[in-house]
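Construct the entire structure; sequences and hints are all you get.
Going down the list, the protein sequences come from chains A and B. Here the first sequence is numbered in this note's numbering, starting from 1 and rising by one per residue. Here the second sequence is numbered in this note's numbering, starting from 1001 and rising by one per residue.
Hint data in this document are derived by calculation from the structure and do not stem from the laboratory. Just so you know, nobody snuck in bad clues.
Among chain A residues calculated to face chain B with C-beta under 10 Å, some are:
(1) Thr243
(2) Lys246
(3) Ala258
(4) Gly282
To give an idea of the chain A side of the interface with chain B (calculated C-beta under 7 Å), a few residues:
(5) Asn213
(6) Asn256
(7) Asp280
In this text, a Cβ means the ideal position worked out from N, Cα and C, and glycines have one as well.
Each chain, written out:
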Amino acid sequence: MKIHEYQAKEILARYGIPIQPGRVAYTPEEAEAIARDLGGPVVIKAQVYVGGRGKAGGIQFGNTPEEARAAAARVLGMNIKGLTVQKVLVVSKLEIQEEYYLGIVLDRKTQAPVVMVSTAGGVDIEEVAATTPEKIIKQPIDLRWGLRPFEARNILARAGFPSAVIARGGSILTALARAFIESDANLAEINPLVLTRDGQVQAADAKIVLDDNALYRHRDYAAWEEPEEANPLEFEAHKEGLTYVKLNGNVGIIGNGAGLVMTTLDMVAACGGKPANFLDIGGGARAEVMAKALTFVARDPDVKGILVNIFGGITRGEEVARGVIMAQQQLPAGLPIVVRLSGTGAEEGRAMLKDAGLDWGKDMRDAAQKIVAAIQAKEKGQQA
Amino acid sequence: MSILLDEHTRVIVQGITGREGSYHTTRMLEAGTKVVAGVTPGKGGQSACGLPVFDTVAEAKAATDANASCIFVPPAGAADAIMEAASAGIKLIVCITEFIPVLDTARAMLVVREHGATLIGPNCPGLCTPGQGKIGIMPYQIFTPGPVGFISRSGTLTYEVVALLTEAGIGQSTCIGIGGDPIIGSTFVDHLKLFEQDPQTQAVVLCGEIGGSDEEDAAEFIKTMKKPVVAFISGRTAPPGKRMGHAGAIISGNTGTAQGKVAALQAAGVPVAETIFDIPDLVKAALARRV
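And the structure:
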């Protein structure tokens, strides 16, 4: 789960990592009031779930409360990569002398969180990794004891951090590792970590991605989930307990098992169609779940037809057929549906579909060809 | 012969009294698997599916001499169940459970390695040796014994492809679903090594998907293998940055794309099927070259 910068900083602050004072504002007036409380120049930072805010104009400055208000008015409502800015973080401006990068990411190969640090901070770390990989020092964390302070200092020293930053930077990196592990993060970054002109070391920006599977034991963080404006359907699907990903084609796709659904998308593409979504109903789904999945996929206005591809194991063909028939009344009239059933209960399910006058495919390819053809025929009919 | 699961495999089921645990234990017994006991803390002394239930894996192992475990424990306790099995000396651990916090799996792996056990999964359908039995949830009736080893990250895709192989008259030695999580107990390479040594196996089918670099690692290892490998990669149409159902099926930046995996495998001389329907012919050709 993605969280906002201000939420990531709230987690960091719990672990004693120094951050600039500040608060979130939803209106220019609130931003002005916060700036007045803080005193002195402030930074107004758009809180959206995408990178590259600075380049898009989502980070602006105000030397006075009035300027802060004007800056917030410019940033609030701004569109950044398809997302509307609904809140801004107002923080005291730092006099930055140096910028560094501290990050921890779950590494699949070493099967552990890996620390990455660099003295080239404030920029896109993937770019640094691609162009000057020698500037990044990496080290896995042993989960039996976490990152120990001396290890953190060693990593920073190896990366060439100046002596003025080693001690406090080491404490911050140790705390970041604790925050990562105890919050069940997949990613935790401080970019940049700054050394200010008056010699302070602070986290000027932070990014944390949490493990969805661990949210059950972090209820306070789970409450931060909010709809992604670019993808309202995905948010609702998640609330409904459906594993759904929106894509940009017009063939709705439902199947059981992630690998099979992905393969079905590829098959539809190979047959000249464009998948509109990925929806996995999981194992052992009942008719009600199947019906819910169908009506959900049909809510996407881009969907011009739906392919259901089920390999029955613990999922039973008759249940799937019953679900498709149940959903039929709620679906737009004339929406082509092709169902492909195999495995457990496939015979019974196919007989039920035939009685209900529904189309079915003998295998995945046949079904994919049928739905693509049905959609094309309908579009031609509409043009004529 | 086969790998991992043979006539000497004696299985316990952790979470046997749950809905999934009891249903699949019955299916495993029907398939001929030597399931010898179950474990559910607090239900020791009871019986389930006609088998004795113990409170701990250590007790179950002592009483039955089990050497494998199949885990159906819910996510919050599943990693602990893996560590319990490894600590009790169980050498083959199959974890079916999906949605385990990934750091829990990472911690469990430390214990699995320390005890020299093999973990398959989590978030996997298990494995099947046709004619001997299965550990996990694969539908046994679609398999038939034969010369082809099978490794996949996905469950239902495995069934789909195995059904095509069986229909084409191509039998299987052992089929393994290694799991769709970002951190899994054993990889393509681990199982390719076993298939390379197995006398029954004459060729291997590898079904990969987007995310991570296990397929690229497999491609490197295949260069050193004598037995032919045929591959299929799903997720060619998946957009970057989106999790496609499996927690591990995500393209991050430029890593984990289907195109990258296909290219790595082809560079290792592996025929990569365009669609799953091409797999049986590619396997037949590979087997013919071998004879």
